[in-house]
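Q: Sequence:
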Amino acid sequence: MSPAPAPRPVARLFNTPLECGLRLLFVLDAAEGRACDLQRLIAYDYLLVHSGDVEEGPHSLHPAVPFRGGEMLVKRDVLRAGLDQMFSRELLEKHLNSAGISYCRGELTKAFLDLLSNDYAQALRCRAHWVIERFGALEDADLASFMESNIGQWGAEFDRLSALNELEL
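So for the sequence shown, this note's numbering puts the first residue at 95; every next one is plus one.
Hints were generated in silico from the structure; no laboratory data involved. Quick caveat: nothing in here was measured; it's all calculated off a predicted structure. You can trust all of the hints, since none of them are fake.
Computed list of lysine-lysine pairs in DSBU-like fashion (alpha-carbon distance at most 30 Å, straight line): (1) Lys169 to Lys188; (2) Lys204 to Lys188; (3) Lys169 to Lys204.
Quick list of simulated restraints, FRET-style, between CB atoms: (4) Ala98 to His189: 49 to 55 Å; (5) Ala205 to Ala158: 32 to 38 Å; (6) Lys204 to Asp234: 21 to 27 Å; (7) Ser192 to Glu113: 28 to 34 Å; (8) Gly127 to Arg170: 22 to 28 Å.
Glycine included, C-beta positions come from ideal geometry on N, C-alpha and C.
Work out the full structure, taking the sequences as your base and the hints as a guide.
A: Below, the structure is given as structure tokens:
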């Protein structure tokens, strides 16, 4: 009798380092050379895929899931890995300064992104420009304050819906 085969790892469809890195390339390109630190990019990534959570924002790219605001707390390592992948392919630049590491588009960023023309890439491009237009001028503290004041609400609508389902009328 042969041993049972080892279970195959389940492939992650969303939020792999590669996908996160690609999304952030769109944001860095829209930022037109302005450097962003990792914390700002974490906020931008959330706003990019869940743009519908912001009043008057475009429709969200990813589905609304319960407690999605918690994504910001767990994606730091995945986003950093994605940025490192893009850096290793010379698709973005890293800069070290007194505040730490910041990222900005590189010489190849725009040329690479211009090769991506499917509907998802077009939607990313549009939302990346919206993110930068809406939040790019905010100081770090103001962006952090906006995210902190809203994060508990994002995804909480599922609690309200489940509570309504349990009501006996």
